[in-house]
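Protein sequence lines, in the order shown, are assigned to chains A and B. Numbering-wise, the UniProt record's numbering puts 55 at position 55 of the first sequence, and it's gapless, one number per residue. Numbering-wise, the UniProt record's numbering puts 180 at position 180 of the second sequence, and it's gapless, one number per residue.
Warning: the hint list may mix true and false statements.
Just so you know, same-sequence chains aren't split out, so a pair can sit in one copy or run between any two.
[Stated by the list, open to error] Straight-line alpha carbon distances no greater than 27 Å define the calculated DSS-like cross-link-like pairs of lysine-lysine that follow:
id, residue 1, residue 2
1, 209, 143
2, 24, 118
3, 143, 37
4, 86, 209
5, 209, 106
6, 143, 118
7, 161, 24
8, 40, 86
9, 23, 118
10, 40, 118
11, 10, 37
12, 161, 209
13, 118, 10
14, 161, 10
15, 106, 77
16, 40, 161
17, 24, 143
18, 10, 143
19, 40, 172
20, 103, 118
21, 77, 209
22, 118, 209
Calculated directly from the structure, the hints in this document are not laboratory data. Here the structure is a predicted model, which is why all the values come from computation and not from measurement.
There are 2 protein chains.
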Amino acid sequence: MPDTKDIPDKIIQRLPHYYVQLKKLLSDDTEYISSEKLSKIMGYSSSLIRRDLSHFGSFGKKSYGYDINCLYETISKILGFSSNKKMIIIGAGFLGRALANNKSYKERGYELIGLFDKDPAIIGLEFNGLQVMDIEFAPGFIKQNQVEVAALAVPSDEAQKAANLLINSGIKGIWDFTETPISVPDDIILVEQNMNDGLCKLSCRLMQKSNECSEQNE
Amino acid sequence: MPDTKDIPDKIIQRLPHYYVQLKKLLSDDTEYISSEKLSKIMGYSSSLIRRDLSHFGSFGKKSYGYDINCLYETISKILGFSSNKKMIIIGAGFLGRALANNKSYKERGYELIGLFDKDPAIIGLEFNGLQVMDIEFAPGFIKQNQVEVAALAVPSDEAQKAANLLINSGIKGIWDFTETPISVPDDIILVEQNMNDGLCKLSCRLMQKSNECSEQNE
């Protein structure tokens, strides 16, 4: 496997899209694919695809194209999908419950093992087989189960406090759904999942369209 | 205002981040900021910031930096935040309810006016002041209220059917939270909000870290 430290962030952001498409191609029993065909399916230019995939080693076979299975396996490994990372969710409001229902964790190398909230009216309820636990027990739970990752789905004004609790308990990565910027030490990995980004993009596209501007240049 | 058709997609994706930071600076009564200072706050390089902002006109003032208020207003307009677009949510499961609770719509130029589901056990319940309506009434509601945008928060296997219903009713843009790729005609704007992207990114970063690789090059 290539050294992941050399893969630029913007390529990493495209990797899940490659992963999804390659998986689909594999389920169709396709063995090889050219960058041109992949370009048509994915909407990226074929030169971008060739540049991206060159980071992961040599998968091309002259006149055949890329070996889909090899590429799929390598990307899965780079994305850490073959590992088994313990994960918890902090905040069992509607968003936390929606996250508890997410079916994609196992396939992506995560095992969801806990759901926490501070609201006594919510503690004890069960969602997707997980009983909501009191957030006071989160530090002990994290240490005992060597939990690596926490999804943060609390109200914005509780975000930093909850993040501090997670960090002090030894969590390594935070998947942050709050709208507030939170501070974490350098050794903690923070990924902000700003749901409103998509809404802004939609807004701008509608604006472009109402201006009767062609989108072909995008 | 600059012609929005000329703004590349990758810049549009960064606009919400500029928007949030500029808003924060304004609330601190800051009037001007240099690209270097903005770079420190946002984590983008100052040359990238200068290149990005040059797309929106001239806001710089020698030895002062950028006029924050002007820049903020322009970016708000480009993002369509000064408009008033009617919006509905299809699917009132946990994710749909979390979306109904989102407090950012008004500020971003959206007015959430409807929440729909097909489940009789959910229809009639109220979330954030919105009573869940039967999805059968969605087409009439969309036409009558000139709804422009719909958030799609239904199970994956119902995604295409729901999208078709929306499109046939005259919706212009779909904010898609399902995991399944859906097909829409060219004149419909589709923005996929893949929640698992962040999880993949987190996974890859953890992998990089466990390989004891420096992330400084990213």
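Status of the hints after comparison with the structure:
no., hint, verdict
1, 209 - 143, "between (52 Å within a copy, 19 Å between copies)"
2, 24 - 118, "neither (41 Å within a copy, 29 Å between copies)"
3, 143 - 37, "neither (47 Å within a copy, 39 Å between copies)"
4, 86 - 209, "between (44 Å within a copy, 16 Å between copies)"
5, 209 - 106, "between (40 Å within a copy, 21 Å between copies)"
6, 143 - 118, "within (19 Å within a copy, 42 Å between copies)"
7, 161 - 24, "between (41 Å within a copy, 20 Å between copies)"
8, 40 - 86, "neither (37 Å within a copy, 34 Å between copies)"
9, 23 - 118, "neither (39 Å within a copy, 31 Å between copies)"
10, 40 - 118, "neither (48 Å within a copy, 35 Å between copies)"
11, 10 - 37, "both (22 Å within a copy, 23 Å between copies)"
12, 161 - 209, "between (42 Å within a copy, 25 Å between copies)"
13, 118 - 10, "neither (37 Å within a copy, 39 Å between copies)"
14, 161 - 10, "neither (30 Å within a copy, 33 Å between copies)"
15, 106 - 77, "within (14 Å within a copy, 42 Å between copies)"
16, 40 - 161, "between (46 Å within a copy, 24 Å between copies)"
17, 24 - 143, "neither (38 Å within a copy, 36 Å between copies)"
18, 10 - 143, "neither (33 Å within a copy, 40 Å between copies)"
19, 40 - 172, "between (38 Å within a copy, 24 Å between copies)"
20, 103 - 118, "both (25 Å within a copy, 21 Å between copies)"
21, 77 - 209, "between (40 Å within a copy, 14 Å between copies)"
22, 118 - 209, "neither (45 Å within a copy, 31 Å between copies)"
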